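Undergrad: Chains as they are written, first to last, in the working numbering: chain A, 41 to 332; chain B, 5 to 238; chain C, 214 to 829.
Since the hints were made in silico from the structure, they are not lab data.
None of the values given here were measured: they were computed from a predicted structure.
We treat Cβ as the ideally placed atom computed from N, Cα and C, and that holds for glycine.
Mixed in with the good hints there might be a few duds.
To be verified - With a Cα cut of at most 27 angstroms, we get these calculated DSS-like pairs of lysine-lysine:
1) K568(C) - K637(C)
2) K218(B) - K125(A)
3) K133(B) - K203(A)
4) K637(C) - K319(A)
5) K133(B) - K94(B)
6) K125(A) - K7(B)
7) K94(B) - K129(B)
8) K762(C) - K568(C)
9) K158(B) - K70(B)
10) K7(B) - K94(B)
11) K158(B) - K233(B)
12) K465(C) - K296(A)
13) K94(B) - K73(A)
14) K73(A) - K637(C)
15) K780(C) - K810(C)
16) K465(C) - K503(C)
17) K658(C) - K588(C)
18) K203(A) - K94(B)
19) K7(B) - K133(B)
20) K70(B) - K125(A)
21) K326(A) - K73(A)
22) K133(B) - K326(A)
23) K319(A) - K94(B)
24) K73(A) - K465(C)
25) K203(A) - K218(B)
26) K296(A) - K73(A)
27) K94(B) - K71(B)
28) K233(B) - K687(C)
29) K218(B) - K7(B)
30) K218(B) - K503(C)
31) K233(B) - K780(C)
Claimed, not checked - Facing chain C, according to a computed beta carbon distance under 10 angstroms, are these residues of chain A, among others:
32) F179
33) D214
34) T321
35) G322
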Amino acid sequence: MNLFLNQLINGLHVGSIYALIALGYTMVYGIVKLINFAHGDIIMVGAYTAVIVLMTLGWSAPVALLAAVVVCVIFGVLIERIAYKPLRNSPRISSLITAIGVSMLLQNAALLIFGAQPQPFPTVLNIEPIKLNGIQISFVTLLTVGISAVLMILLQGFVIGSKAGKAMRAASEDYTTAQLMGINVNTTITLTFAIGCALAGIGSFLFCMAYPAVSPTMGSLPGLKAFIAAVLGGIGIIPGAMLGGFVMGVAESLTKAYISTTMSDAVVYGILILVLLVKPTGLLGKTTSEKV
Amino acid sequence: MLKVQDINLFYGAIQALRNINFHVQPGEIVSLIGANGAGKSSILNAISGVHTISSGEILFEDQSIKKLPPFRLVGMGLSQVPEGRRVFAKMSVHENLEMGAFTRSDTPGIDLDMERIFAHFPRLKERRKQLAGTLSGGEQQMLAMGRAMMSRPKLLMMDEPSMGLSPLLVQEIFDIIREINQEGTTILLVEQNAQMALSLAHRAYVLETGRIIKSGAGQALMQDEDVRKAYLGG
Amino acid sequence: MNKKTKSLSLNLLATLALYLLITVLIASGAINNYLANIIITICITIIMTSSLNVTTGLLGQLALGHAGFMAIGAYVSALFTKSVALDFGLSLPLSLLVGGLVAALFGMLIGIPALRLEGDYLAIITLGFGEIIRVIIVNLDITGGPRGLTRITRMSRAFSDDRLLSSIIAFTFVFTITALIIASIFTLGRSRHGRAIISIRENAIAAEATGIPTTRYKLLAFTVAAFYAGIAGGLFAHQTSIIESRMFDFNKSIEYLVMVVLGGMGSITGSIISSIVLVSLPELLRGMDKYRLIIYSVLLIMMMLFRPSGLLGTREFSMIRLWERLEVLWKRIFRRHEAQTKMPFQPRYDVWDDKPVLETHSLGISFGGLTAAEKIDICLMNDEIVGLIGPNGAGKTTVFNLLTGVYTPTEGQVILLGNPIQGKMTHQITADGIARTFQNIRLFKSLSALDNIKVAFHSRMQYSPISAIIRDAKCQSEERGIDIRARELLRVFEMEAQADVPAGSLPYGQQRKLEICRALASNPKVLLLDEPAAGMNPSETAELMQTIKTIRSQFSVAILLIEHDMKLVMGICERIYVLNYGRVIAHGTPEEIRNNKEVITAYLGQDQAHTEASHA
Chain A
41 MNLFLNQLIN
51 GLHVGSIYAL
61 IALGYTMVYG
71 IVKLINFAHG
81 DIIMVGAYTA
91 VIVLMTLGWS
101 APVALLAAVV
111 VCVIFGVLIE
121 RIAYKPLRNS
131 PRISSLITAI
141 GVSMLLQNAA
151 LLIFGAQPQP
161 FPTVLNIEPI
171 KLNGIQISFV
181 TLLTVGISAV
191 LMILLQGFVI
201 GSKAGKAMRA
211 ASEDYTTAQL
221 MGINVNTTIT
231 LTFAIGCALA
241 GIGSFLFCMA
251 YPAVSPTMGS
261 LPGLKAFIAA
271 VLGGIGIIPG
281 AMLGGFVMGV
291 AESLTKAYIS
301 TTMSDAVVYG
311 ILILVLLVKP
321 TGLLGKTTSE
331 KV
Chain B
5 MLKVQDINLF
15 YGAIQALRNI
25 NFHVQPGEIV
35 SLIGANGAGK
45 SSILNAISGV
55 HTISSGEILF
65 EDQSIKKLPP
75 FRLVGMGLSQ
85 VPEGRRVFAK
95 MSVHENLEMG
105 AFTRSDTPGI
115 DLDMERIFAH
125 FPRLKERRKQ
135 LAGTLSGGEQ
145 QMLAMGRAMM
155 SRPKLLMMDE
165 PSMGLSPLLV
175 QEIFDIIREI
185 NQEGTTILLV
195 EQNAQMALSL
205 AHRAYVLETG
215 RIIKSGAGQA
225 LMQDEDVRKA
235 YLGG
Chain C
214 MNKKTKSLSL
224 NLLATLALYL
234 LITVLIASGA
244 INNYLANIII
254 TICITIIMTS
264 SLNVTTGLLG
274 QLALGHAGFM
284 AIGAYVSALF
294 TKSVALDFGL
304 SLPLSLLVGG
314 LVAALFGMLI
324 GIPALRLEGD
334 YLAIITLGFG
344 EIIRVIIVNL
354 DITGGPRGLT
364 RITRMSRAFS
374 DDRLLSSIIA
384 FTFVFTITAL
394 IIASIFTLGR
404 SRHGRAIISI
414 RENAIAAEAT
424 GIPTTRYKLL
434 AFTVAAFYAG
444 IAGGLFAHQT
454 SIIESRMFDF
464 NKSIEYLVMV
474 VLGGMGSITG
484 SIISSIVLVS
494 LPELLRGMDK
504 YRLIIYSVLL
514 IMMMLFRPSG
524 LLGTREFSMI
534 RLWERLEVLW
544 KRIFRRHEAQ
554 TKMPFQPRYD
564 VWDDKPVLET
574 HSLGISFGGL
584 TAAEKIDICL
594 MNDEIVGLIG
604 PNGAGKTTVF
614 NLLTGVYTPT
624 EGQVILLGNP
634 IQGKMTHQIT
644 ADGIARTFQN
654 IRLFKSLSAL
664 DNIKVAFHSR
674 MQYSPISAII
684 RDAKCQSEER
694 GIDIRARELL
704 RVFEMEAQAD
714 VPAGSLPYGQ
724 QRKLEICRAL
734 ASNPKVLLLD
744 EPAAGMNPSE
754 TAELMQTIKT
764 IRSQFSVAIL
774 LIEHDMKLVM
784 GICERIYVLN
794 YGRVIAHGTP
804 EEIRNNKEVI
814 TAYLGQDQAH
824 TEASHA
């Protein structure tokens, strides 16, 4: 039972990181219908930024976090402007391939600059884990889950209530008409990328606290899983990304504990396929059939 | 109020508009009629900046707007009801109307205008919490019109408001257009339903293959032999 | 020598020359083992990309797990040659076949979700399956787990004791298989089966409504693609001699996808060119190892920014007709008996005079408690033109969807030519004799007008995918037959001149006409027209009225039409049904309807009734 609860907590920990990253995928997908393959590599960018600030410059953790967020946002916005914006009226697959290209570029540039050797991420928080009847909850876990939950609620409120959020929703339905309402669609899309990348920046910091090794390809796997989480929850839906992240994280850590470490990916994909077969638009997705 | 001077528009190699000249005076209803592909919608899209013209000039209140991106025009008082309604299906009726007022920040004024629109379209008020995608075609047309009016436009451009609507609804929509005009909004109307459009318009222009071939008062064009033959079915 | 045979000989010669050139170069030692290996890699890559192009380019579904099928083929065929004690020259082709078939089986399994899912969701499923396959391979004993399979017989050594001879045979073998696969994808793509697959890409709903069993064709495309990927995998295993599961991961699938998109989706020749370039490029950049992948990714981005639809778009290089031409030559040499042209048209001669061709009995449907239509009783006599009118949202299109099986009725019956058809699939109902057009035109936009019509002949043709690949007599005679029929149909609508114009670039009025034309190609007894006059002005509408009358007399169909244009409805309909709130509120002759109080208040309005009356 304790093992189960501990694994559940681990799952929530990882899951909330996936969720944070998934939010970025889901928002970008919602508005430009692009699977932004480079989003995972933004995590890597954030992680290296944090390492440089912490180790090379020797500054404090909050500064490092802030720096990670800022650099991620800058990268995200630049990528959007240079690589995706010119392709907005092209076939969707072209921007997908461009995204793959950007992802490769980021990874290989990092490889060139930092080398393939993983760099350790320093411990930034050294607080005793909380023990409850044999269940151990580390402070990092609490912090991670807490931050993710708060950010998601804020984001959801922003998208539903604020003017910019409504502009995002309008643009995600129909660019042209949104423009006729006086919405600057380009700005709106840039804002979406910026928010998504800011979340990825925070996510990358939390990820490094959980898995303290920074390498050029570190972003691919959590990126892919976060994307799967976004689809699982229903792509384009903010609470869906959160739910999908948690389901993925928990499923993964329980499989690792009870079945086999190597099979955990298969189980995760298996869940995804089952969910999509039963509910083709994801857990929280609304079924909209095309009107004939 | 609106002056269109010698504009040309190309889609790739195809020329959609050739030397189009026309103007709209304040307080008028002006109609553009013509066959499919004659270029009616292209004119609206050229004015609103959705398509970029290759030559010519478009003046709105003596200011050139040909280089402005579409989203800048709303603030200047130019608003468009797009063809096929294009309401935001996943947003509520209320939110759709709010989007119409996107460029405004005077909350009391917005609330007032919303009530004004609900007075024109009582059916929208009943459904204000509903998602726009669940409305019927006629209600969506009303919503699209209401949404465009939320920006308090000086000039309202409407693209085929009668398309796909039942005769009863067409009458209702045209009655409302007249009301809106009488309240002081200038209207530029693109219509397939020439009968209705000409009976409503102060002045009208007839388009054929990207050119304006005739113009005149609505009633006068209705009596015109060629127009009767081509667009009024006898 | 005519033009066809000349260009055939040219293509054939080119292929042969390429083969001979490489063979001679290998034999002379100018191409060393290293280069010969790269050439074989290129061939394998070509098989992978052109098969991926079947799902991604022709069917239009993004597939992100193509390397998974390759893995299955590789492992199965490697295990086969390892465990079967046969001469390598025999066991290798057998192993490829087995590997291909097992991969095809998985392709079919993965295709099943494709029946429910669309677009990006389907892409994710294929990604998931690909990864699952890989993880399972890692966890099995028979596949050697994470260490993989080693010491697989290397084909460049095993064909003969003489190494040079062996590597020439290996090259010949791989080159032939590649050429055959490419040719088969071409011939399949240009047959009725290929048209069916492409029509799904263009517009799935219209494809089903023109009689294409879309589910079956999605499965076919996935299966064929997986089969070829499996063969490629088998070749790969016997090329490298060592296989590990990580060779077939997500990145590998992406690599092939990139090649397909760069070459141009739907262009097989594009796939071939980009395979050659992208396999050789890293080799050329080998000198600057460190920057190689950076250059590669920058090139990739630039390429997409400047040529977003790939190198060739959907166009093909001139090798397209190689196979067809081969056969022309074949016939010329052996004077084989000319195949008879078979006409697919078998008009229905059943006399239905005074009996309804279509009737419904208290037809209805409710969506989760919400009744969209109920107690609909309508009937159409032979050759009758009947109108269906009513306010927006009254359920007119719902009735069409019930008749054509887009929705399954929750109550009541639909009887077509005396047989109940409710509950059947749309494509079956189309084949049974109901065709329709759509409110917002749904043509196969990038197909030519002629091909749009040919797609609709699908349900009346019989030749199999295999006959399509080998272009046998049956396939040829049927294809010739529908070509004649389709052109005849275009002529009736005075559109022969537009036969080769892509449907999407026709003017609006002609698109509407073409859609009607396509509906007629499936030889219907009942034609449903959904707002045919929408967006037309009175003179266009008048022309349309003539067309509808012509159709009725020339094609002997009963027509049911939804329309708001009262001039058209009152002008040509013999009877009219009026719908409101999902029920028939009135029915009768135009005169009766015009004067019906209920119809005036619900739909026509006082003015309209007046205007129309005064016109009449």
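Undergrad: Tell me, which hint numbers fail for this structure?
TA: As far as the earlier hints go, 2, 6, 10, 11, 14, 17, 19, 25, 26, 27, 28, 30, 32, 33 are violated by this structure, in ascending order.
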